[in-house]
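A.B. asks: Chains as they are written, first to last, in my numbering: chain A, 82 to 194; chain X, 314 to 422.
Each hint should be verified, as a subset may be incorrect.
[Unchecked claim] Facing chain A, according to a computed beta carbon distance under 7 Å, are these residues of chain X, among others:
1) 395
2) 397
3) 398
4) 401
5) 413
6) 415
Derived by calculation from the structure, the hints in this document are not laboratory data.
The beta carbon of each residue, even a glycine, is placed where N, CA and C say it ideally should be.
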Amino acid sequence: EAAVTQSPRSKVAVTGGKVTLSCHQTNNHDYMYWYRQDTGHGLRLIHYSYVADSTEKGDIPDGYKASRPSQENFSLILELASLSQTAVYFCASSERGAQDTQYFGPGTRLLVL
Amino acid sequence: QQKVQQSPESLTVSEGAMASLNCTFSDGTSDNFRWYRQHSGKGLEVLVSIFSDGEKEEGRFTAHLNRASLHVSLHIREPQPSDSAVYLCAKNNNNRIFFGDGTQLVVKP
Chain A
82 EAAVTQSPRS KVAVTGGKVT LSCHQTNNHD YMYWYRQDTG HGLRLIHYSY VADSTEKGDI
142 PDGYKASRPS QENFSLILEL ASLSQTAVYF CASSERGAQD TQYFGPGTRL LVL
Chain X
314 QQKVQQSPES LTVSEGAMAS LNCTFSDGTS DNFRWYRQHS GKGLEVLVSI FSDGEKEEGR
374 FTAHLNRASL HVSLHIREPQ PSDSAVYLCA KNNNNRIFFG DGTQLVVKP
């Protein structure tokens, strides 16, 4: 069974503070993704990576950085958290790319005050 | 920007009655499609992947794809209360996935 875990599962942050969300996969997949989901909406791609030490911008990268230090780990960094970044964040992995099934983590609920 | 629109926004059915969900997209000549289910507070679970026109069945879930009419649907046979969740349609295009906003399905006992 594919496994993608995220930490923390929920977080309260202050405006202007730094937030780091972590994702770990044991699928041996090359691709990893970060999405955000706003209430009542689908997922939007923030950043993705297809190899360690390399990241690519998704559709809404502004205000976010990503880091892929190893095949298994992918982090999302909010250097200066803002109210508009309150959302649920999902990490996913896939074997070769978006044409393959993506396996999702349970999500991190972020509240920025 | 790719557009993926789902309808209806919400749907209530009785246990055992067929549930049908719809998804239309802006362009899909070479795209693949997937239906995901998201229980409240949980991650996404893939239900059906469909890559060519026609029908694809996975257990009680059947997807129908018609690229000419830019439409993909999901039919849930004999839905149960545990199927109550948000159902998301997703379109894969050029190594990106575009999601619809989802349909909230409620299955009443």
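A.B. asks: For every hint, state whether the structure bears it out.
C.D. replies: Verification of the hints:
no.	hint	in the structure
1	395	violated, 18 Å
2	397	violated, 16 Å
3	398	violated, 14 Å
4	401	holds, 6 Å
5	413	holds, 5 Å
6	415	holds, 6 Å
Hints 1, 2 and 3 from the earlier list are contradicted by this structure; the remaining hints agree with it.
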